[in-house]
Amino acid sequence: MRIDSPAALAEYAAALKARKHAPVKLLVSMGTCGIAAGTGEVLKAINDYIAEHKLDGAFDVIEVGCMGLCYAEPVIMLTDDKGKRIIYGDVTPHQIPAIMQAGLEAPATGTHTIDRCWYYPEDESPAEGELQARIVLRNTGRINPEDIDQYVAEGGYSALAKVVTSMKPQEVIDVISASNLRGRGGAGFPTGKKWSFAAAQPEGEKFIICNADEGDPGAFMDRAVLEGDPNAVLEAMAIGGYAIGAHNGVIYIRAEYPLAVKRLENAIKQAEEKGFLGKNIFGSGFDFKLEIKFGAGAFVCGEETALIHSIEGQRGEPTFKPPFPAIQGLWKRPTVVNNVETYACIAAIIRKGADWFKGLGTAGSPGTKVFALAGKISKVGLAEVPMGMTLRQIIYEIGGGIKDGREFKAVQTGGPSGGCITKKNLDLQIDYEALKSIGSMMGSGGMIVMDEDDCMVNIAKFFLDFTADESCGKCTPCRVGNRRMLELLNKITSGEGNMEILEKLKTLSATIKDTALCGLGQTAPNPVLSTLANFEDEYLAHVKDHRCPAGVCANLIQFNVTDKCVGCGLCAKRCPVGAISGEKKMKHAINQAKCIKCGACFNACKFHAIAKI
Amino acid sequence: MGEMHCVNGVCEMSSRKSSQMEALDAYIKSLPLADNPTRKRGFLIQTLHKAQSLFGYLPVEVQSFVAERLGISLAEVYGVISFYSFFTDKPIGRYAINVCTGTACFVKGAAQVVDELKRKLGVSEGETTPDGKYFLGVLRCLGACSMAPVVMVNGKVYGHMTAEKVQGLLDDCKD
Numbered sequence: 003m004r005i006d007s008p009a010a011l012a013e014y015a016a017a018l019k020a021r022k023h024a025p026v027k028l029l030v031s032m033g034t035c036g037i038a039a040g041t042g043e044v045l046k047a048i049n050d051y052i053a054e055h056k057l058d059g060a061f062d063v064i065e066v067g068c069m070g071l072c073y074a075e076p077v078i079m080l081t082d083d084k085g086k087r088i089i090y091g092d093v094t095p096h097q098i099p100a101i102m103q104a105g106l107e108a109p110a111t112g113t114h115t116i117d118r119c120w121y122y123p124e125d126e127s128p129a130e131g132e133l134q135a136r137i138v139l140r141n142t143g144r145i146n147p148e149d150i151d152q153y154v155a156e157g158g159y160s161a162l163a164k165v166v167t168s169m170k171p172q173e174v175i176d177v178i179s180a181s182n183l184r185g186r187g188g189a190g191f192p193t194g195k196k197w198s199f200a201a202a203q204p205e206g207e208k209f210i211i212c213n214a215d216e217g218d219p220g221a222f223m224d225r226a227v228l229e230g231d232p233n234a235v236l237e238a239m240a241i242g243g244y245a246i247g248a249h250n251g252v253i254y255i256r257a258e259y260p261l262a263v264k265r266l267e268n269a270i271k272q273a274e275e276k277g278f279l280g281k282n283i284f285g286s287g288f289d290f291k292l293e294i295k296f297g298a299g300a301f302v303c304g305e306e307t308a309l310i311h312s313i314e315g316q317r318g319e320p321t322f323k324p325p326f327p328a329i330q331g332l333w334k335r336p337t338v339v340n341n342v343e344t345y346a347c348i349a350a351i352i353r354k355g356a357d358w359f360k361g362l363g364t365a366g367s368p369g370t371k372v373f374a375l376a377g378k379i380s381k382v383g384l385a386e387v388p389m390g391m392t393l394r395q396i397i398y399e400i401g402g403g404i405k406d407g408r409e410f411k412a413v414q415t416g417g418p419s420g421g422c423i424t425k426k427n428l429d430l431q432i433d434y435e436a437l438k439s440i441g442s443m444m445g446s447g448g449m450i451v452m453d454e455d456d457c458m459v460n461i462a463k464f465f466l467d468f469t470a471d472e473s474c475g476k477c478t479p480c481r482v483g484n485r486r487m488l489e490l491l492n493k494i495t496s497g498e499g500n501m502e503i504l505e506k507l508k509t510l511s512a513t514i515k516d517t518a519l520c521g522l523g524q525t526a527p528n529p530v531l532s533t534l535a536n537f538e539d540e541y542l543a544h545v546k547d548h549r550c551p552a553g554v555c556a557n558l559i560q561f562n563v564t565d566k567c568v569g570c571g572l573c574a575k576r577c578p579v580g581a582i583s584g585e586k587k588m589k590h591a592i593n594q595a596k597c598i599k600c601g602a603c604f605n606a607c608k609f610h611a612i613a614k615i
Numbered sequence: 031m032g033e034m035h036c037v038n039g040v041c042e043m044s045s046r047k048s049s050q051m052e053a054l055d056a057y058i059k060s061l062p063l064a065d066n067p068t069r070k071r072g073f074l075i076q077t078l079h080k081a082q083s084l085f086g087y088l089p090v091e092v093q094s095f096v097a098e099r100l101g102i103s104l105a106e107v108y109g110v111i112s113f114y115s116f117f118t119d120k121p122i123g124r125y126a127i128n129v130c131t132g133t134a135c136f137v138k139g140a141a142q143v144v145d146e147l148k149r150k151l152g153v154s155e156g157e158t159t160p161d162g163k164y165f166l167g168v169l170r171c172l173g174a175c176s177m178a179p180v181v182m183v184n185g186k187v188y189g190h191m192t193a194e195k196v197q198g199l200l201d202d203c204k205d
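These protein sequence lines are chains A and B, in that order.
Our numbering applies: residue 3 is where the first sequence begins, and numbers increase by one.
Our numbering applies: residue 31 is where the second sequence begins, and numbers increase by one.
Do not take every clue at face value.
One side of the interface only, derived from the structure: several residues of chain B facing chain A at Cβ under 8 angstroms [what the hints assert, rightly or not]:
hint	residue
1	G132
2	V137
3	A174
No wet-lab data here; the hints were simulated from the structure.
The structure presented is a predicted model; accordingly, all values stated were derived computationally and were not measured.
We put the beta carbon where it would ideally sit given N, CA and C, even for glycine.
Modelling step: build the complete structure from the supplied sequences, incorporating the hints.
This is the structure:
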């Protein structure tokens, strides 16, 4: 059924809300990590139980996207209209009968329950302990992403209806500019300003693009939004299209996210059927068409000019800016490129106003930011927090601290373009400027936490290996310079380092930063510079003493059997290269010439009889 | 996968391959190709995705076919294939083992998993075992960081991998 006016939309949404539903909603987390962790089997157990006990009218089972509680997948939530809820983590199929019997009365015994640690600023104020404010993730994990009606029932497309029927394009841009929303892809450029540049171009063909090429390793918030609430992106792109005068939109998504692609395609089809996309949207005369284009495994395509070339069927190489895409972008036409998370803020800003949005976060960086917590942290997952929260709150209060009680060493933000933040900055209030001031960057919001077992030189080498591999090869500083830096780091981690190499690293870094063509190259030396600034002692230990303090760099460590050995033979059995030998019940020995330093013996020994030096 | 029969450099496609070629042809015909030659090129990457899903890789005759249909040169098509890591012009093993080497997987020990796979299979990254069974690749971040380190085998995700679990994963790959 086509909905052709704001009044019809409001009526339709009200009817959906009033629809008869079961007393208990049962939300099952069906994002990529939920499915891989076994949510499919849990869902089957739920459906089997309902069929067997004829409970059709008692539960509404809803397949939702990621709730952000990735560490506890499979996750399910029971909830009702009055706000009662129980969240279960690490659910197994045989816990289901007990969970279903217990209902909302009390948690079932023998299960792992989780407190909700977020609130929805559009509808409520935070309760105690609810540090997370969900705007971007407002529907992710709450509604079925494959059913547009559920999005509409939550107020979906009302912002688009309002914009195209009662606002002038310039008024839309004014609201977004006043909200001071900044690009969530990393650089933090004001979205309203970007839109106004494209809007100011003479009328004619223009494009609006969604950058869903989430290539930054360790960042997965865009995937969560696309899998959990694809309509939020479609609605925002249509609003952006109206504001700048574009009738065509392109979502450029990486091929590694098949589930997100499927849900986007489904959402576009449903939105077209309802008339939210296509011709004469809400009877306003505004036409807007969306298509999906695929990446093919190139990190540099996250850079907007490279992304545009990729859509044009070219090699994804960046070009020099200016001209900026807002002036000359896709097919040389004015084009706006925004990131998924940026779009996910737009409809809420239109609904609630710029002042509401500015009420969250810091003065310079209003709103929220989604962080993907990963690495050596207890609660791996997504956290959407108001800007200005401290790292300590994010890592310890939301993330549950470091895994296995180890010591915090550093957190890498901004991925391969960013830097590491150490203990001394744990209380820094995070926003775009604050992170920049300490040599890191917001980036897409990936936070990889590292503990005392991680070697920072090796981490820097990892990022350099990444950027050297992903360099498109167009400009020499990036293509050759990063390769040379990687070689120098390889020398350091293999014990051939010296002070001269450290100096060379610094000089090369400065040259690459100054001369590379695009953001990828210009920021590639950041992980090296930032680890050098914060962990110079580790570099010195590698180059002067040929020692790796964290015990990671294989050429600088040695495994030996100590007198604690009882001769159980487990290490010899585990050794993949047969380097360990010894009589039964006698002390074993490692043949150093054969040893590949994999650490299998060290991990296997129950008597702590293997020493790593 | 279709076999190539090559005699003195002249290659003929087997019948299976020609049915795949027909499927590719039908796909290209279904595209809303623009008359404008520049705009037509915008369909190149999705066509290559389709072709690779049909053939398993992108042999040169498929590349020329796509080039001809989209009105660009073979060199330009090859330039695109060689740029993007997702595309390959060599056949890959029946089991594509891809280890995620994103940051989260890296700090959780993906390197040891890669080393163990290399040792067990006797191939390097980007290579297929001589019997054509296993392909070993690495990729950058599947976004399943909560289960790091992660290995994907023909689309199935194995989480919390260790070097010790490698043998079990290989045993799962039954022909």
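(request) Could you work out which earlier hints the structure fails to respect and list their numbers in ascending sequence? (result) none
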